[in-house]
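Go ahead and model the full structure; you've got the sequences and the hints to work with.
From first to last, the protein sequence lines are chains A and B. With this note's numbering applied, the first sequence corresponds to residues 1 to 119, in that order. With this note's numbering applied, the second sequence corresponds to residues 1001 to 1515, in that order.
Hints should not be assumed to be uniformly reliable.
[Claimed, not checked] Partial list, computed: chain A residues near chain B (C-beta under 10 Å):
(1) Ala65
(2) Phe68
(3) Leu70
(4) Phe71
(5) Ala82
(6) Thr83
(7) Arg86
(8) Ile90
(9) Ile102
(10) Ile108
(11) Trp111
(12) Lys112
[Claimed, not checked] If you want the ones that stay clear, here's a sample from chain A, every Cβ over 10 Å from chain B, calculated:
(13) Leu10
(14) Ala15
(15) Ser58
(16) Met63
(17) Trp81
(18) Tyr109
(19) Glu117
[As the list claims (entries may be wrong)] Once the Cα atoms are required to be at most 25 Å apart in a straight line, the calculated DSS-like pairs of lysine-lysine come out as:
(20) A:Lys113 <-> B:Lys1105
(21) B:Lys1106 <-> A:Lys113
(22) B:Lys1105 <-> B:Lys1205
(23) A:Lys112 <-> B:Lys1105
(24) B:Lys1106 <-> B:Lys1475
(25) B:Lys1379 <-> B:Lys1506
No wet-lab data here; the hints were simulated from the structure. Cβ atoms here follow ideal geometry from the backbone N, Cα and C, with glycine treated the same way.
For reference, the chains in residue letters:
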Amino acid sequence: MSETYIPMVLMIAIAFGLGSALVLLSVVLGPKYPSDVKDYPFECGHLIDSDGARKKHSIKFYMIAIIFLLFDLEIVFMYPWATVFREIGITALFEMFFFLGILVVGYIYVWKKGVLEWE
Amino acid sequence: MMPIEPGILEQLGMIIPLLLLVVFASSILLIDVFAESEDRAYLGYLTAFFLFVVLIFVAKDFNNNNVSRQIFHSSIVIDKFGLIFTGIFIIAGILTSLGSIDYLKKYDIAIGEFYSLIMFAITGMSLMVFSTSLMTIFVALELMSLPIYALSGLFRVNNRSLESSVKYFILGSVASSILLFGMVLLYGATGSVNLVTIGNEITTKYTNLKTVLSSDPIIIIGMLMVFIGFMFKTATAPFHMWTPDVYEGAPTIVTGFMSVAVKAAAFATFLRVFGLSFNNDALLHLANGAISNTSWIQVLNILAIATVIIGNLVALNQRNVKRILAYSAIAHAGYLMIGLVGYFITKDPITYSALVLYFLSYTFTGMGAFIAISIFEPKDTNKVMLDDLNGAAYKKPFVAATLAIFIFSFAGIPPMSGFFAKFYLFKSAYVNAGLHIPVIIALIASVFSVYYYLRILVHLYMKKDYGDVDVKDYKTTAGSVIALSIAGFFVLYIGILPDQYITIIKHSFLSLIGG
Chain A
1 MSETYIPMVL
11 MIAIAFGLGS
21 ALVLLSVVLG
31 PKYPSDVKDY
41 PFECGHLIDS
51 DGARKKHSIK
61 FYMIAIIFLL
71 FDLEIVFMYP
81 WATVFREIGI
91 TALFEMFFFL
101 GILVVGYIYV
111 WKKGVLEWE
Chain B
1001 MMPIEPGILE
1011 QLGMIIPLLL
1021 LVVFASSILL
1031 IDVFAESEDR
1041 AYLGYLTAFF
1051 LFVVLIFVAK
1061 DFNNNNVSRQ
1071 IFHSSIVIDK
1081 FGLIFTGIFI
1091 IAGILTSLGS
1101 IDYLKKYDIA
1111 IGEFYSLIMF
1121 AITGMSLMVF
1131 STSLMTIFVA
1141 LELMSLPIYA
1151 LSGLFRVNNR
1161 SLESSVKYFI
1171 LGSVASSILL
1181 FGMVLLYGAT
1191 GSVNLVTIGN
1201 EITTKYTNLK
1211 TVLSSDPIII
1221 IGMLMVFIGF
1231 MFKTATAPFH
1241 MWTPDVYEGA
1251 PTIVTGFMSV
1261 AVKAAAFATF
1271 LRVFGLSFNN
1281 DALLHLANGA
1291 ISNTSWIQVL
1301 NILAIATVII
1311 GNLVALNQRN
1321 VKRILAYSAI
1331 AHAGYLMIGL
1341 VGYFITKDPI
1351 TYSALVLYFL
1361 SYTFTGMGAF
1371 IAISIFEPKD
1381 TNKVMLDDLN
1391 GAAYKKPFVA
1401 ATLAIFIFSF
1411 AGIPPMSGFF
1421 AKFYLFKSAY
1431 VNAGLHIPVI
1441 IALIASVFSV
1451 YYYLRILVHL
1461 YMKKDYGDVD
1471 VKDYKTTAGS
1481 VIALSIAGFF
1491 VLYIGILPDQ
1501 YITIIKHSFL
1511 SLIGG
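Laid out in structure tokens, this is it:
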């Protein structure tokens, strides 16, 4: 019973060891050129400025992110659908059309609401 | 063994009401974005018309439906039980969309998505009562909940509305995840997501509670977690804490929809899940007379008593009308829970029809009361205190008269439907199911409830008007008048001539047993 887990333990040990060894090696051997820009905290979408975290910024960023998430998930549904498409047959095709139809309604709604216009 | 399913077209034909709801909800969304005019009132009438069309299809299916077969890989079953509840949700939706027109206009909210969200929520509710698979139940539950979270935050600039929305969303998500975890455990223990299969699995494996507990506690834990998930949605003590805050902060018309339709959906699904899956004698010791303290029937019984007491006693001290109605909604959840326990003990058509008739009566009463309160809501403060109602009856006699009908119905005073529904429910629970102590406690608590209900009427009719509320705030157009008339008419009609409704409801009884 417990022998079956040995490969898994080995796998974890190797992954952990390799990962930490590479990081340690680059710390020890790598060249270091520190600069102001490199020390900046990184945030996705906009530059950090001195006004602090309480500054308001554009809501458009979030809207685009949410819409991207929604339509990206559509693809996630299509992959498993494509793998079993042959076995299920024509029914699967109509099911996917129905699903896409609902998404198209959402897309038209988003478009007409003006979410996609940046300015 | 999986029964042979009908062809795909026939299956689609069976779910026409659900398909229509999706199509209509999407078209409302598109009409809203393509329409030029700023006025959105016509969308309310259009939604009511669409829902009425779906209601006709539901009624037609109800008349033709004789066999209930599981379709779509045993994930849903179209039966009379589900259809009768779909009818209840659609009625609540019609009243909401008609009643919302004036309310949204009062706050200058021209949002067409309101109607679309209401329809999507109804789709989720209907799908939930039809589903016989844990996965479908969860998806449908989320389809029901997400529009409601959004609707309770409809007043985006109002802090109370936002608080209500966020509170409901966070607590609701936690409850959903507990429910989901319970479903996972049940799936792990029985190897199936189908409710009937789970029920058969439990029945064949276990003959008494001791073997369940000693060999597979996962089933009990999973069952209790599913149980908690539904308790949250039905606002039963001790999972009722969110109710007053959410109901108070949400727009009044949405509160009405929440307290009526969401509760009915959660109760109906509860009935379906526990009726199909946990019907095993081992889990139902109380039913056989061998009283075991660990039976979930016993747990439900205690929670029902607690809910009735908490709802009614806390409401006594409230001065905010929406909070009074929120606590009254908790109390009614307690009465319904007693009816549910009665049904689980006897499983006969009488306790069943008492329970469903109570839902029907509560739909008209609750929606009507919230629509009337939404008309009396002062625009500037965005909340209704008892003093805001002072003398309002003399400014709006019709609305106040219908509100009086609904309040009497809530309190259970004849000849309103609330009286007969409550009487029938208590009688069947007392006589048929032998639930003596819960019914007596509920009766006493129900006497207390008359105090806070009549207090609303005292302020409406007998207090002196301070005259600081402008009559213009109480504007009513055809929509709310129609909604109030429909609700008032049916409250009286069900109260005076309930027998034909009971006959219809009894027709749907067999489908529940048939699975």
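Hint by hint, here is what the structure shows:
no. : hint                    : verdict
1   : Ala65                   : violated, 18 Å
2   : Phe68                   : violated, 19 Å
3   : Leu70                   : violated, 13 Å
4   : Phe71                   : violated, 17 Å
5   : Ala82                   : violated, 19 Å
6   : Thr83                   : violated, 18 Å
7   : Arg86                   : violated, 17 Å
8   : Ile90                   : holds, 9 Å
9   : Ile102                  : holds, 7 Å
10  : Ile108                  : holds, 6 Å
11  : Trp111                  : holds, 8 Å
12  : Lys112                  : holds, 4 Å
13  : Leu10                   : holds, 29 Å
14  : Ala15                   : holds, 28 Å
15  : Ser58                   : holds, 17 Å
16  : Met63                   : holds, 15 Å
17  : Trp81                   : holds, 15 Å
18  : Tyr109                  : violated, 5 Å
19  : Glu117                  : holds, 14 Å
20  : A:Lys113 <-> B:Lys1105  : holds, 21 Å
21  : B:Lys1106 <-> A:Lys113  : holds, 24 Å
22  : B:Lys1105 <-> B:Lys1205 : violated, 59 Å
23  : A:Lys112 <-> B:Lys1105  : holds, 23 Å
24  : B:Lys1106 <-> B:Lys1475 : holds, 8 Å
25  : B:Lys1379 <-> B:Lys1506 : violated, 45 Å
Violated hints, in rising order: 1, 2, 3, 4, 5, 6, 7, 18, 22, 25; the structure is consistent with all others.
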